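Quick mapping for you: the protein sequence lines, in order, are chains A and B.
In terms of the numbering used here, the first sequence is residues 8 to 385.
In terms of the numbering used here, the second sequence is residues 8 to 385.
These aren't lab readings, by the way, just hints derived from the structure by calculation.
All figures in this text were calculated on a predicted structure; none of them were measured in a lab.
There could be a bad hint or two in this list.
If several chains are the same, the list does not tell them apart, and a pair holds so long as it fits within one copy or across any two.
[Stated by the list, open to error] Within a straight-line C-alpha distance of at most 35 Å, the following computed DSBU-like cross-link-like pairs (lysine-lysine) qualify:
id, residue 1, residue 2
1, 148, 121
2, 240, 225
3, 49, 13
4, 13, 383
5, 52, 12
6, 262, 52
7, 353, 262
8, 12, 366
9, 262, 201
10, 13, 385
11, 23, 12
12, 377, 12
There are 2 protein chains.
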Amino acid sequence: MAAHKKARGKLSVESKLPVNNRHDLSIAYTPGVAGPALEILKNKKLAYDLTSTKNGVAIISDGSAVLGLGNIGPEAALPIMEGKAALFKRFAGLDGFPVVLSTQDPETIITVAKAIAPTFGGINLEDISAPRCFEIEERLKKELNIPVMHDDQHGTAVVVLAGLINALKIVRKKKEKVRVVINGAGAAGIATAKLLHKYGVKNIILCDSNGIVSKGRKDLNNIKKEILRITNKKNTSGTLRDVLIDADVFIGVSKARLLQASDIKTMANKSIVIAMANPVPEIMPDEAKRGGAAVVGSGRSDYPNQINNVLAYPGIFKGAIESRVSQITDKMKIAAAEALASVVKKPTANRIIPDPFDKKVVLAVANAIKKIARDKRK
Amino acid sequence: MAAHKKARGKLSVESKLPVNNRHDLSIAYTPGVAGPALEILKNKKLAYDLTSTKNGVAIISDGSAVLGLGNIGPEAALPIMEGKAALFKRFAGLDGFPVVLSTQDPETIITVAKAIAPTFGGINLEDISAPRCFEIEERLKKELNIPVMHDDQHGTAVVVLAGLINALKIVRKKKEKVRVVINGAGAAGIATAKLLHKYGVKNIILCDSNGIVSKGRKDLNNIKKEILRITNKKNTSGTLRDVLIDADVFIGVSKARLLQASDIKTMANKSIVIAMANPVPEIMPDEAKRGGAAVVGSGRSDYPNQINNVLAYPGIFKGAIESRVSQITDKMKIAAAEALASVVKKPTANRIIPDPFDKKVVLAVANAIKKIARDKRK
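This is chain A alone, in the form it adopts within the complex (with noise of 0.2 Å):
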C-alpha cells in the first residue's frame, strides 16, 4: 500500500525519442511526425513498425470480477490494470495500457473496444464477469483482427494444462485415461475445460455452486448448456463429493475450503489436486498431501507449483503480436502450455510448473505461438 501511495500508481509513460530542444521537438512532433504519419496511411501494417502502441497491449476491463475482490468498477480495479501492464513490461518487453470501462453492459464495452483497437497490438480482456466474458470475446475475435484473449479464461487454462501435463507425467497416468473434475464454471473453470477436451482429455466433469452440471437441470445458462457437449458424457448428477469419488484429477476455480482431506482420500490412487480459489483454496495444499494427494498445485506463491497467469499471458501476447496474427487460436493455447511443461527439465511432485522468474518461459511460449503462426503460413 505504501509503495502504490508512494509511486503514486505503478507506470510511466517515456518517451524513447529525446525532446530537449527546437531540433528534437521537430522530430518528436511536427514536421517530423508527417513522415511516419505518411508512411502508415500507404501501408497500414506499417503502424507496427513505427510506433509503440500498436506493439502494446490495452488491459480492458470493467472491474465486474475482480479475483477476490468481486464487482469493484472501473476506479478501484485500476491499480490491478497497472500492476498488469507493469508485469507484461517487466516479463515480455510489451507495453501495457490499462482501459477501465464505466459500463458493464457487453454492446458497449464491445463498441468501445472495436473502436481504440486500432491503437493497439493486441487485447488483454481482464476481470470482466461470466457469462458476460464469453460473449464479449468471442465477439470482438470475430469482429477484429488483432489478437483479443480474456486471460481469466485462457490464461489460467494455459498455465493449468501446462501443471497437468508435468503431473501425469510423474503418476504415470495417460490424458485418455483420466477422469478430471472441475469445480467452478465462471471463466476460468469454462475454458479450462474446454482446452483440456482440445488437449485430448475425454473424461471431464464440470461443478458449480449446485452441483454436477448435468442434462437434468433446469437452471443452466448457455454456456454451461454448451458445455455439456464436451463434459459429462454419461450424464452423472450429484455433487462435487460424489463425483470425486474415484476422479483421477481435482482443479478448483472456485471458493476457499470446500474440501477436506477425508475427500481428497475418496479420489483415485495417485491423484492430482490444483486448488486455486483466491487467496485461500479450495483444499489447503498440506491438507490435500494428508488425503494422499501425489500431486498438488494451488494458486499461492507460498507453496510449490503456484498455477500463476504470469507464466502464460506475457509470452502469448508477444508471440502473438510478434507475429502478427489476428487470432490466438486453440493449437496456440496447448503449444503455449506444452512449451510450458517443457521448460521443467524433470518435473517432480513438487515442480510441475517453471519459476515466473525463469527467463526461458517467456521465451519458450512466445516461440510456441510463432511457430504455430510460421507453420499455418506455409
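Starting from the structure of chain A, add chain B where the hints point.
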C-alpha cells in the same frame, strides 16, 4: 523518419515499482494490489493518489483532421498522438495515453470517450474535424466530470491570445478598439474568435473560404451561424481582402499563401499579422513585414514568434488535473493566456511569446489554472 523507425515508436510504458522477485510481484500485483483497490472502492477520488493513469491524459483522435495531412484515419494518426504523449511527459511530467479510433461517428466517439473516462485524469481531444469536434467536446464537457479539451481549438486560441496580448502592448493598441480579422472558421478559428471575445475584443470578423461569415449567407453551418452572435456585428459582407482594409490584426488558421505584402499594406498602421497555416503560412513572415506589419507571428519554428500549442496544453492539463477540476473554463483559458504572455518580461516585435523550453512556461500556465480553481472553491 529514421528516428521513429529505430525507436519503433516513441513511447515506453515503464513500471515505477520493481518486479525482480516474488516479493516484488506480490506488491505490484496480487495480493498487494488489493490494498489500493479497496481504498479506491471506498473513495473513488483516491484513484488520483494511488494510480498513474488517473494523473494522466487520454489523447483521443479519429485522425480526421491532422494538421497539414487531413483525414488520414486512426493508424496513420498514431505517430502524432505518440508525439503528443512524449511532449506531455517532457513539458508537464504528465503521462499521455494515445487512443485512436476506428470510427468517425460523433455519437460513437462520445460513447467511447465516456466509457474509458474512469481510466484518466483528463481527455485531450486531438485532430478531430470541424464541425463534429464542437459537438463532441461540448457533450463530453457536459457529461463527464474530468477536464476535456480539444487542443486544436483551445490550445491554439490560448497561445494566439497570449501572443496578441503582448503584440497589442508593442503597438500600443487596446483590445476594445482593435478590429481583428480571423481567416479560417474551423476548430482553431471558431475557438480563437470565442476566446478573444471573452477576453474583451469587441470587433472580430471571421472569414472562411467563401469570404466574410455574415448573416446574408445561405451556406453557413450551425456553428458559423452561432458565431455571428459575437462577430461581425455590423454585418459586413465581402471577401477577406475587403475586410483586411484598415484591420488591426490578421489571424490566419487557413491555407498557404493567401495573402501578399500588398494586402498587408491595406491594413491599419502598426498592424499585427499572425499567419499559422502549416507548414506554409497564409503569408510568409518576411513578406508580411515588407507589407508593413509591426508584429508578425506564424506556426513556424524557423521564424520568431512561433505560435505553438505546446506552450499551452501541458500546463493547462497539469493545472487542471492537479487541482482536480471537472472543467477547463473560459476564465481558466484567459488566465492561462495572460500567464503565458507575462512570462515574456519585455515583449518586443520579435518576442511576443516565450520559448517552449523556458521552464517558467508550464508552471506559469498550470499555476494560473490552479489559482482559478482555488478562487472558485473559496
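Hint-by-hint comparison with the structure:
1. With identical chains, the CA atoms of residue 148 and residue 121 are at most 35 Å apart both within one copy (10 Å) and between copies (24 Å).
2. In this assembly of identical chains, the alpha carbons of residue 240 and residue 225 lie at most 35 Å apart only when taken from the same copy (18 Å versus 73 Å across copies).
3. Proximity of residue 49 to residue 13 under the C-alpha cut-off of 35 Å is restricted to the inter-copy arrangement: shortest distance 19 Å between copies versus 45 Å within a copy.
4. Taking CA atoms no more than 35 Å apart as the test, residue 13 paired with residue 383 passes between copies only; the shortest distance there is 29 Å, against 48 Å inside one copy.
5. Taking the shortest alpha-carbon separations for residue 52 and residue 12, only the inter-copy value of 13 Å comes in at or below 35 Å, while the best intra-copy value is 39 Å.
6. Proximity of residue 262 to residue 52 under the C-alpha cut-off of 35 Å is restricted to the inter-copy arrangement: shortest distance 31 Å between copies versus 45 Å within a copy.
7. Proximity of residue 353 and residue 262 under a CA criterion of 35 Å is satisfied intra-copy only: 32 Å inside one chain copy versus 71 Å between copies.
8. For a Cα distance limit of 35 Å, the shortest separation of residue 12 from residue 366 qualifies both inside one copy, at 30 Å, and across copies, at 27 Å.
9. Taking the closest pair of Cα atoms, residue 262 and residue 201 come within 35 Å of each other only inside a single copy of the chain (21 Å); across copies the shortest separation is 60 Å, beyond that limit.
10. For the homomeric pair residue 13 and residue 385, the shortest alpha-carbon distance between copies (29 Å) is at most 35 Å, but the shortest distance inside one copy (51 Å) is not.
11. Taking identical chains as interchangeable, the C-alpha atoms of residue 23 and residue 12 lie at most 35 Å apart whether they share a chain (26 Å) or sit on different chains (11 Å).
12. In this assembly of identical chains, residue 377 and residue 12 lie within 35 Å of each other by CA distance solely across copies; the values are 23 Å between and 39 Å within a copy.
Figure legend: structure checked against the earlier numbered hints; every hint is met.
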